[in-house]
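Work out the full structure, taking the sequences as your base and the hints as a guide.
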Amino acid sequence: RNPRLILGNLPYIRDGEDTYVTQSLACMRYVGRKLNIMPDGATDVVLCEMVEQEVLDLKTKMTEACYSPYQSHTPGVSLETEGKHDFHFLRKRFSGRLKSRIGLLQDLIRDEYLIGDQPLYVDFIMYEFMDQFHAFAPEAFD
Numbered sequence: 001r002n003p004r005l006i007l008g009n010l011p012y013i014r015d016g017e018d019t020y021v022t023q024s025l026a027c028m029r030y031v032g033r034k035l036n037i038m039p040d041g042a043t044d045v046v047l048c049e050m051v052e053q054e055v056l057d058l059k060t061k062m063t064e065a066c067y068s069p070y071q072s073h074t075p076g077v078s079l080e081t082e083g084k085h086d087f088h089f090l091r092k093r094f095s096g097r098l099k100s101r102i103g104l105l106q107d108l109i110r111d112e113y114l115i116g117d118q119p120l121y122v123d124f125i126m127y128e129f130m131d132q133f134h135a136f137a138p139e140a141f142d
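Numbering (our numbering), first residue to last: 1 to 142.
Some clues are possibly wrong.
Label pairs and their computed distance ranges (CB to CB) [said to hold, decoys possible]: (1) T43 <-> G8: 30 to 40 Å; (2) Y20 <-> F87: 31 to 41 Å; (3) D131 <-> Y67: 35 to 45 Å; (4) P138 <-> L56: 18 to 28 Å; (5) L7 <-> G41: 26 to 36 Å; (6) M38 <-> L7: 36 to 46 Å; (7) R4 <-> R33: 26 to 36 Å; (8) T60 <-> F141: 12 to 22 Å; (9) R4 <-> K99: 18 to 28 Å; (10) E64 <-> D142: 20 to 30 Å; (11) D18 <-> D107: 22 to 32 Å.
It should be emphasised that the hints constitute simulated quantities derived from the structure, not laboratory data. Everything numeric in this text was worked out from a predicted model, so none of it was measured. Where is the CB? At the ideal position from N, CA and C, for every residue including glycine.
Put into structure tokens, the structure is as follows:
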């Protein structure tokens with residue numbers, strides 16, 4: 001274990017001799033600051049943070065569907081119960097939520113990217129996960 005990696009996990013960034021950054025979102029923000037692709041102004045900062053969290057909330061919902069309770073059965077609950085313990089039900093529910101959120105996210109995009117004509121750190125997060133969401137639930141993008 002590297003003592004400079006405070007949380008000791010991947011991904012991580014080493015910048016020089018003394019700077020180590022772990023955690024995906026912290027790495028994205030760090031790179032954003034280094035490349036000057038962070039939002040300016042309170043309104044843009046808040047918008048980027050809200051979009052970032054919305055995308056991460058959707059990622060959590062997709063993860064819950066992928067790692068369904070079938071794999072970690074809750075004692076006393078029948079596996080045959082449709083809904084809470086059914087992958088196809090969870091995937092369909094995620095797809096419906098994703099479809100409703102895609103429109104909201106599209107409405108927020110001001111130009112080619114979220115804030116304008118230049119990408120910000122949050123655009124990379126959004127496009128990365130939209131690609132994963134599309135692979136998992138392509139019907140939500142129709």
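Cross-check of the supplied hints:
1. T43 <-> G8: 30 to 40 Å: holds (37 Å)
2. Y20 <-> F87: 31 to 41 Å: Holds: the Cβ-Cβ distance is about 38 Å, inside 31 to 41 Å.
3. D131 <-> Y67: 35 to 45 Å: violated (20 Å)
4. P138 <-> L56: 18 to 28 Å: holds (21 Å)
5. L7 <-> G41: 26 to 36 Å: holds (31 Å)
6. M38 <-> L7: 36 to 46 Å: Given about 22 Å between the Cβ atoms, the range is violated.
7. R4 <-> R33: 26 to 36 Å: violated (19 Å)
8. T60 <-> F141: 12 to 22 Å: For T60 and F141 the Cβ distance comes to about 19 Å; the hint holds.
9. R4 <-> K99: 18 to 28 Å: Since the Cβ atoms of R4 and K99 sit about 43 Å apart, the hinted range of 18 to 28 Å is violated.
10. E64 <-> D142: 20 to 30 Å: Given a distance of about 23 Å, which is inside 20 to 30 Å, the answer is holds.
11. D18 <-> D107: 22 to 32 Å: Once the Cβ atoms are compared, 43 Å apart, the range 22 to 32 Å for D107 and D18 is violated.
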